[in-house]
Amino acid sequence: MAMELSAGDTAWVLASTALVLLMTPGLALFYGGMTRAKSTLNMMMMSFASIAIVSVLWVLYGFSLAFGNSGSAFYGAFDLSGLGSAVGQLTNNGGIYGIPLLAFAGFQLMFAVITPALISGAIADRARFATWCVFVGLWVTIVYFPVAHWVFDFGDKDAAGNITGAGWLAARGVLDFAGGTAVHINAGAAGLALALVLGRRAGFKKNPMRPHSLPLVLLGAGLLWFGWFGFNAGSALGANDTAALALMNTQVATAAAMGGWLLVEKIRDGHPTSLGAASGAVAGLVAITPACAFVAPWAAVVLGVLAGIVCSLAVGLKYKLNYDDSLDVVGVHLVGGIVGCLFIGFFSTTAVNSFGANGIFYGGGAELLGKQALAVIAVISYSFIVTYLLGLLLEKTMGFRVERDAELEGIDLAEHAETAYELEGVSGGGFGGSPALTKTKTSVRSDEEVSA
Amino acid sequence: MRLVTAIIKPFKLDDVKSALEAYGVQGMTVSEASGYGRQRGHTEVYRGAEYTVDLVPKVRLEVLVEDHDADAVVDVIVKSAHTGRIGDGKVWVVPVDSVARVRTGERGPEAL
Numbered sequence: 001m002a003m004e005l006s007a008g009d010t011a012w013v014l015a016s017t018a019l020v021l022l023m024t025p026g027l028a029l030f031y032g033g034m035t036r037a038k039s040t041l042n043m044m045m046m047s048f049a050s051i052a053i054v055s056v057l058w059v060l061y062g063f064s065l066a067f068g069n070s071g072s073a074f075y076g077a078f079d080l081s082g083l084g085s086a087v088g089q090l091t092n093n094g095g096i097y098g099i100p101l102l103a104f105a106g107f108q109l110m111f112a113v114i115t116p117a118l119i120s121g122a123i124a125d126r127a128r129f130a131t132w133c134v135f136v137g138l139w140v141t142i143v144y145f146p147v148a149h150w151v152f153d154f155g156d157k158d159a160a161g162n163i164t165g166a167g168w169l170a171a172r173g174v175l176d177f178a179g180g181t182a183v184h185i186n187a188g189a190a191g192l193a194l195a196l197v198l199g200r201r202a203g204f205k206k207n208p209m210r211p212h213s214l215p216l217v218l219l220g221a222g223l224l225w226f227g228w229f230g231f232n233a234g235s236a237l238g239a240n241d242t243a244a245l246a247l248m249n250t251q252v253a254t255a256a257a258m259g260g261w262l263l264v265e266k267i268r269d270g271h272p273t274s275l276g277a278a279s280g281a282v283a284g285l286v287a288i289t290p291a292c293a294f295v296a297p298w299a300a301v302v303l304g305v306l307a308g309i310v311c312s313l314a315v316g317l318k319y320k321l322n323y324d325d326s327l328d329v330v331g332v333h334l335v336g337g338i339v340g341c342l343f344i345g346f347f348s349t350t351a352v353n354s355f356g357a358n359g360i361f362y363g364g365g366a367e368l369l370g371k372q373a374l375a376v377i378a379v380i381s382y383s384f385i386v387t388y389l390l391g392l393l394l395e396k397t398m399g400f401r402v403e404r405d406a407e408l409e410g411i412d413l414a415e416h417a418e419t420a421y422e423l424e425g426v427s428g429g430g431f432g433g434s435p436a437l438t439k440t441k442t443s444v445r446s447d448e449e450v451s452a
Numbered sequence: 453m454r455l456v457t458a459i460i461k462p463f464k465l466d467d468v469k470s471a472l473e474a475y476g477v478q479g480m481t482v483s484e485a486s487g488y489g490r491q492r493g494h495t496e497v498y499r500g501a502e503y504t505v506d507l508v509p510k511v512r513l514e515v516l517v518e519d520h521d522a523d524a525v526v527d528v529i530v531k532s533a534h535t536g537r538i539g540d541g542k543v544w545v546v547p548v549d550s551v552a553r554v555r556t557g558e559r560g561p562e563a564l
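Protein sequences appear in the order of chains A and B. Its first residue numbered 1, the first sequence is counted upward by one per residue in the working numbering. Its first residue numbered 453, the second sequence is counted upward by one per residue in the working numbering.
Simulated from the structure, these hints should not be mistaken for laboratory data. Any given hint might turn out to be false.
Here are some chain B residues pointing at chain A (derived, C-beta under 7 Å) [stated by the list, open to error]:
no., residue
1, G493
2, V497
3, Y498
4, A501
5, Y503
Yeah, the Cβ is synthetic: ideal placement off N, Cα and C, and Gly gets one too.
With the hints as extra help, turn the sequences into a complete structure.
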């Protein structure tokens, strides 16, 4: 923790910020490919809208509400509103870091952007776009900003070493390195709440609603994986050993989770699918997120395999319990986040990170597991209850779900007056005649013309 | 003149097309179709959940022939599209009143 600005640390955090931003368009592709062709644009627009809305709110008051200096244990304050007073300051988050406060604010913004975007997968094909935009603004204000404060704000350390204004989970010593609780469990619980408010799609459980473009899904998963190095290793807020550990753990857990998911599919269904490979990779990324700087790389492999197997089984829950979590936000993000957060209680070791703690397998007893469980339960409860009430309020006032006809015809056309693919049925859109073509003598002639 | 319409398994299209060309059929129209007969669709497992799919993908093939060729053309299609498994498809023949070639205006068998 340098007391003056470190060019190396700052460069890494700035680069990580750009990496994490790319995750949201990556998510848009991941989700967009998974929808049917008639609702691809709406799915992608929900992610892009989150970038637009959250970025503006973050500067106006969001960063301050999450990381403000004079905050309580439950939410920040408005002292950094507008971010004018942040210019020229170093980051103070439980200690001084050698990076500008604005770099930290930019980096954390990208987390705030992707979290509501993650929720959108639970309500594919059926959410009114205007209502979604209002939802994003209100949800980050009353759910994400406070929860980010609980988990990510380690308070301000003054010259005498006193810390003030830390979030209540951070102050208790909950270990969540890059957002297993604030981002993934939060988004997963909110996704479940919205899926319940909006109800099941027409044809749920009757029609397989297969992904319209698996190459897009794989491209999106690849971009998420790439950007996730910024998400996890960037959370070290410096170019250091912790960042390297986080990066390596992220890679191996993701690889192992893909293998775990595909193994389940091969044994259960007979075919390892490309959707399974993409979903398994994301499940691994989610699970390693809280744990990436607290466990040894071999343990990250164990976590990855576990996450791949557990999440692949968890996505089947929606059919048993009858909720339409369309693109498996619950099965991947909520369940994956829980697996990762609780895993820390067993495998965390101070041997790899002196700022961590020892879990059950390293002589630390059950204390850490208890803290982790508390954080998991607190975030699930708060996120689910508040999101459910907010969703219900919007459904009763603005209307959250589109008309049935619009849903069947395709939400892209109904909400955006566009379609993802302009493939006209006849002649690839050239129906109606192309004068140039009729005048050109083509070399290809039918047998009939030759003989005539 | 007769219109022979065949509903066949998509992967059999190449075999049927070659067999018809070998017989001497001058042209055909092929379109993608979906439907079911006595086999009543099938079940498929996706992401751990089982679905019943009623409409199975098929290819619809139409050939215009002279009356005396109709039976032979049906035989050619049935032989070349046959796998012996359920869902092999159907072939039917209907009489055609009139046929015109758009380019020349010829009518009747001349237009085939």
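Quick rundown of the hints versus the structure:
no., hint, result
1, G493, "violated (12 Å)"
2, V497, "holds (5 Å)"
3, Y498, "holds (5 Å)"
4, A501, "holds (5 Å)"
5, Y503, "holds (5 Å)"
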